[in-house]
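*Asks:* Residue numbers (the numbering used here), protein chains in the order written: chain A, 82 to 406; chain B, 82 to 406; chain C, -18 to 294; chain D, -18 to 294.
No lab work stands behind these hints: they were computed from the structure.
Incorrect hints may appear among the rest.
Cβ pair distances, simulated, as ranges [unchecked claim]:
1. A:Glu363 / B:Gln392: 53 to 61 Å
2. C:Val167 / D:Glu222: 55 to 63 Å
3. D:Asp279 / A:Asp307: 41 to 49 Å
4. C:Arg70 / D:His147: 53 to 61 Å
5. B:Gln392 / C:Val167: 50 to 58 Å
6. B:Asp366 / A:Asp307: 54 to 62 Å
7. D:Glu219 / A:Gly130: 45 to 53 Å
8. D:Arg70 / A:Gln392: 32 to 40 Å
9. D:Leu278 / B:Arg267: 31 to 39 Å
10. D:His147 / A:Glu262: 40 to 48 Å
11. A:Asp366 / B:Asp102: 53 to 61 Å
No more than 35 Å apart at the CA atoms, straight line, and that leaves these computed lysine-lysine pairs for DSBU-like [what the hints assert, rightly or not]:
12. A:Lys398 / B:Lys387
13. A:Lys333 / B:Lys301
14. A:Lys324 / B:Lys387
15. A:Lys398 / A:Lys333
16. A:Lys324 / B:Lys260
17. B:Lys398 / A:Lys398
18. B:Lys120 / A:Lys398
19. D:Lys218 / D:Lys100
20. A:Lys333 / A:Lys387
21. A:Lys260 / A:Lys301
22. A:Lys260 / A:Lys387
23. C:Lys256 / C:Lys182
24. A:Lys333 / B:Lys398
25. D:Lys218 / A:Lys120
26. B:Lys260 / B:Lys387
27. A:Lys387 / B:Lys333
28. D:Lys218 / D:Lys187
C-beta atoms are modelled at their ideal positions from N, C-alpha and C, and glycine is treated no differently.
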Amino acid sequence: MAEKTYLQAISDGLRQELRRDERVFVIGEDVGVYGGAFKVTLGFQEEFGPWRIIDSPLAETAIVGACTGAAMMGMRPVAEMQFADFISCAWDHLVTVAAKQRFRAGTPVPIVVRLPSGGGFSGGPFHSQNPESSFAHIPGLKCVCPATPEDAKGLLVAAIEDPNPVLFFEHKHLYRRIKGEVPDERYVTPIGKARTHREGEDISVITWGAMVYTADEAAKQLEEADDVSVEVIDLRTVMPWDKEAVLASVRKCSKVLVLHEDTRTGGFGGEIAATIGEEAFEDLDAPIKRVCAPDCPVPFSPILEKAYIPQVDDVVKGLRELAAY
Amino acid sequence: MAEKTYLQAISDGLRQELRRDERVFVIGEDVGVYGGAFKVTLGFQEEFGPWRIIDSPLAETAIVGACTGAAMMGMRPVAEMQFADFISCAWDHLVTVAAKQRFRAGTPVPIVVRLPSGGGFSGGPFHSQNPESSFAHIPGLKCVCPATPEDAKGLLVAAIEDPNPVLFFEHKHLYRRIKGEVPDERYVTPIGKARTHREGEDISVITWGAMVYTADEAAKQLEEADDVSVEVIDLRTVMPWDKEAVLASVRKCSKVLVLHEDTRTGGFGGEIAATIGEEAFEDLDAPIKRVCAPDCPVPFSPILEKAYIPQVDDVVKGLRELAAY
Amino acid sequence: TRAIEERGHILYKQGKIPGSFYTGRGNEGAAVGVASAMGPDDVGTPLHRDMGVHVTRGVEPWRILAQYMGREDGPTRGRDGNVHMADARLGMIAMVSHLPAMLPVAVGCALAFRIREEKRVAVGWFGEGSAARGDAHEAMNLAGVRQLPVVFVCGNNQWAYSTPTHLGYAVEHLADRAAAYGFEGVVVDGTDVLAVYREAKAAIEKAREGGGPTLLELKTLRMEGHAVHDDAFYVPKELFEEWAKRDPIERFRTWLRENAELTDEEEDGISGRVKKLLNDALAQADESPQPDPATLLDGVWATPEDLDTPHHK
Amino acid sequence: TRAIEERGHILYKQGKIPGSFYTGRGNEGAAVGVASAMGPDDVGTPLHRDMGVHVTRGVEPWRILAQYMGREDGPTRGRDGNVHMADARLGMIAMVSHLPAMLPVAVGCALAFRIREEKRVAVGWFGEGSAARGDAHEAMNLAGVRQLPVVFVCGNNQWAYSTPTHLGYAVEHLADRAAAYGFEGVVVDGTDVLAVYREAKAAIEKAREGGGPTLLELKTLRMEGHAVHDDAFYVPKELFEEWAKRDPIERFRTWLRENAELTDEEEDGISGRVKKLLNDALAQADESPQPDPATLLDGVWATPEDLDTPHHK
Ligand SMILES: Cc1ncc(C[n+]2csc(CCOP(=O)(O)OP(=O)(O)O)c2C)c(N)n1
Ligand SMILES: Cc1ncc(C[n+]2csc(CCOP(=O)(O)OP(=O)(O)O)c2C)c(N)n1
Ligand SMILES: [Mg+2]
Ligand SMILES: [Mg+2]
């Protein structure tokens, strides 16, 4: 047990898997000598060599497609996208080949694609996106979005073990900002199980990734200023998502706010709200509120980006409206 | 005014635009001599020549990307995908370049991409999909899904006139099965306005595309057998979608069923249900029910496909549950 | 010689299978020639003209017919149709419609072999039309940079649906593109099964020995429409007539008669056995049950047990 | 000669602009050389090393600085950052991050010119690293098949972030790939602005006259890290030293002194004017207001009025 950053936890977890399972290898742009754009694989190539830490050409379909082929031959590939935004270049491969091969031909595709995602540092429209909603709609793909260092390691291990294609969304804004206790030994955090980040009675906030901390801040404010108790559910994984945990929290609080960093329309928050409305209709004392980014690309200007990414104040406002309903 | 098939209406509308506006051109695989996989552009190359009806190489990013460039230079390109399924190969271009160029650089991208979509004839996992939900989530892209021959022509004209990238989903199952009166002259059916396919009092069904007919069949059965009056709203366009019309129908009926052919989880039906739940909470007398395809690829076997695509019986069952609630 | 007779045997089958099976017509020699040159542990991603590959690898005809009928005993259990199938135990990977999306996958198989330093080879098929897509480029570029044990087989049948080659690419031979990726390209007469076998064997063994990728361009003519619905009106009749003279099966039969003392009796014997085999297959396929809708969702997610496949070893 | 002096003028600017502007260092000659060879009605899709293109086309420095500061007067009005910008009135199209996604767009511009039979040319930039992506292949293949008036400019600065060329491609010169698409490829010393201008001019005029595409490979060295945060430890020091001797600005200064009688006074005059111009620009950019969050959603959807741009004529 030691305190680690979110980034360190991912790096250590990946190194541990590379050490214990020789079927695991890493491929991506600049992951070797350079150690990856965010230095997650720093020093890996020295330890594991150029054929297990593979610097690829600048070609995302080749990277992910090659992972699929290697996985079918018994390897456990871990691809790194330099930024999650560039996964759009491997969209066709993921939805057409990787997602459907098991269903069509009975052939599993155990690959992991690591995706440094999210905004908050003026990365602009192409270095800030959260594309998990687009993939969560495709049957056959899993989407993992850890919020804490402990989950980041445990879910990465689970993703590598999983016999399905797993998209592993690492929030760049958490990389070095978030620290936490992380067990040294290997452990698996199950995919599909939410965690209660904060217990509460009156309003339930359903969220994941960096927004877990935004929600927690807002919850604090409501507890102190308004004496309203807010529960924060960290989904941890968006596909599959832990419907039971969410419905339990909804039944307890009977008011719900769904929060995510991606844009609102067609975002996965709609799926969650629709499901709650369908299965917990009688338990709701207020309309389910969604707090999300507005429907536009991620702007570069700090002022505009602040207006784009849901802020603590936006969540507080939403919670107060729910409390008053 | 003459009776035409859905396919004929699209073909005639496109020919009319090619005749009146020399900026309009068509590009796609086998659209020239062959007239397109579904013969929508049959005879076009003779009339407009090989530089306005362009047989492209088998390369979807080149096709759609070239449309974007040509559009920026003042043309009005209409691309044809041989099947909607293959648009996955142009995903990156559409979401990265076409969708965001206006927001980022102020440069509009007036292109139309025609997408023969939908199942019902054992096309299997790659010739049957309805990918509109994936694109409707991307700010900057419009998604048009006509259900009638008249709308197919009027919305195609609107799509070509529109200064934004428009994905035009043509349902293959309607091509030759659906006939209707279509005005001979040019007319524009506005993007973003729903139509009431069938008036009703008790339950409102929100749908689009081929499912409009499935809903209508089910509505008939309920009216006859159960004496329940069902309203069928044909969205016509999924992005933008006509929230006002939907909410008005919801307020009238206070029970809602959202129906689409695409898979359920993360499908656009969730967005519609979530929005209704948020904005018409007090008007709802029952949970909003979604009837959609299950979360798997489109199966080939006729028996499996029948279990996959929502059938009249599935809708009837859902309506009866709502009526009984 | 038995080996050759077996190949002839298979070629006959190809010519005799009804309906959609005809989509490979003119390409049987190319498919069988390459497949016969592969080793038992080699893998491949054959496409919609390559039924001969599956047959050569040993997929039982009745299961192929069951596949076409969407039955439970087809390799995809009714989930997918026609040649969108493969038997993992035979080292084959099921194609998707999107072309040539399987090439990066074939390269990935080769990457696994290279990482584990196994002497195995991956074969990736594509058509001259789909050579225009980015996937072909990304796959060949990665294979060239890493000199992976993969052989790219371009079935150039001169048409992509209705699109002639001059509207698909602007180089004389697609094989010439290999130079742009740092490996060798070879043009082969795809109607000469023995020539195909020879060149494929050479390329595969070269890859096996660490010599890197090869791009084989097999020139044939698609002897029918793109699919059953297409009468290929856009293909000049003369072209069909010219290439009809080079029917791979006829060419091989002639060769067998001249060089392997194939006699009328043997031939009749073969045709007889094939006819019977296919009749039995049809009957057996017809007895295969329809898939059960209740199981529709079972196959979406893989389970740990699924990883116990030959593929994943 | 004034034209050349102006180019020198611009080159000086390049060297003098602070911060992120340095990302083009070593590439100034290539960028300016190509841009100077373009006609007023030609269009292009310059990338992140090609600030010189924007400057040459006449984007006012203060607006570029405003762009970097995310201000309202930057070409993207704070919506996008750094070189992700362009001025449509100057025939430039704003790049996206995804490389080389602008190549199909450049080909589309050329397609429009060809359909309308206009004597205009499109120029598409990409790096040697992004040459590995499918977009490069699909764009060049379509341009070759249709012999469109487009010039592909590959800025080969020997590194893609930390990736050396031998891990990116396996052919000696990327220009050799042009043959695979049915047009000409030319290798040029990218540090020699006059050579670049010469070859670019020839390629552009050839395209204008219906001679089809050309692939220009401009060899340079990225003289700094991939971006400010990167110290390029992975680049051999010797390489930097060797290429430092070939600094495009120095080379051009020398040339000006030897051939255009550039005197100390003139040079000081130019540097003086540049310093002042940039000081004024900085001041003016600083006065540009921050974008108004209330307008965030205004720009998502285009309106019919938006189509009244030079672009869309
Ligand atoms: C990405 C993609 N776009 C379009 C299609 C539709 N399509 C199926 S086969 C075909 C022609 C393929 O030509 P070629 O690659 O030469 O193979 P052939 O059928 O001639 O063997 C087309 C356009 C497809 N399968 N995949
Ligand atoms: C599709 C895509 N993947 C990854 C990146 C991240 N990235 C930005 S620049 C770069 C290196 C580009 O190298 P090159 O094409 O040689 O251009 P250079 O920066 O050297 O001028 C990478 C990998 C990107 N921009 N686009
Ligand atoms: Mg072909
Ligand atoms: Mg470079």
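*Asks:* Please work out if Lys260 of chain A and Lys387 of chain A have their alpha carbons no farther apart than 35 Å.
*Replies:* holds, 24 Å
*Asks:* Could you see if the CB distance from Gln392 of chain B to Val167 of chain C stays within 50 to 58 Å?
*Replies:* The hinted range 50 to 58 Å holds for Gln392 of chain B and Val167 of chain C, with Cβ atoms some 53 Å apart.
*Asks:* Has the hinted range 53 to 61 Å been met by the Cβ atoms of Asp366 of chain A and Asp102 of chain B?
*Replies:* Hint holds: Cβ distance 55 Å, inside 53 to 61 Å.
*Asks:* So the hint says 32 to 40 Å: do the beta-carbon atoms of Arg70 of chain D and Gln392 of chain A match that?
*Replies:* With a Cβ separation near 37 Å, Arg70 of chain D and Gln392 of chain A satisfy 32 to 40 Å, so the hint holds.
*Asks:* Please verify whether Lys218 of chain D and Lys120 of chain A have alpha carbons no more than 35 Å apart.
*Replies:* Holds - the C-alpha atoms of Lys120 of chain A and Lys218 of chain D are around 22 Å apart, at most 35 Å.
*Asks:* Range first: 45 to 53 Å. Now tell me if the beta carbons of Glu219 of chain D and Gly130 of chain A are that far apart.
*Replies:* violated, 26 Å
*Asks:* Does 53 to 61 Å hold as the CB distance between Arg70 of chain C and His147 of chain D, or does it fail?
*Replies:* violated, 38 Å
*Asks:* Is it true that the C-beta distance of Asp279 of chain D to Asp307 of chain A lies inside 41 to 49 Å, as the hint says?
*Replies:* Roughly 34 Å apart at Cβ, these two residues miss the hinted range, so it is violated.
*Asks:* Decide if the proposed pair is consistent with the structure: Lys218 of chain D and Lys187 of chain D, CA atoms, cutoff 35 Å inclusive.
*Replies:* violated, 40 Å
*Asks:* Starting from the range 55 to 63 Å, see whether the pair Val167 of chain C and Glu222 of chain D falls in it by beta-carbon distance.
*Replies:* violated, 44 Å
*Asks:* Is 54 to 62 Å respected by the C-beta to C-beta distance linking Asp366 of chain B and Asp307 of chain A?
*Replies:* violated, 32 Å
*Asks:* Would you check the hint for Lys333 of chain A and Lys301 of chain B, treating anything up to 35 Å between C-alpha atoms as holding?
*Replies:* violated, 41 Å
Checked against the numbered hints given earlier, this structure breaks hints 1, 2, 3, 4, 6, 7, 12, 13, 16, 17, 18, 19, 27 and 28; the rest are met.
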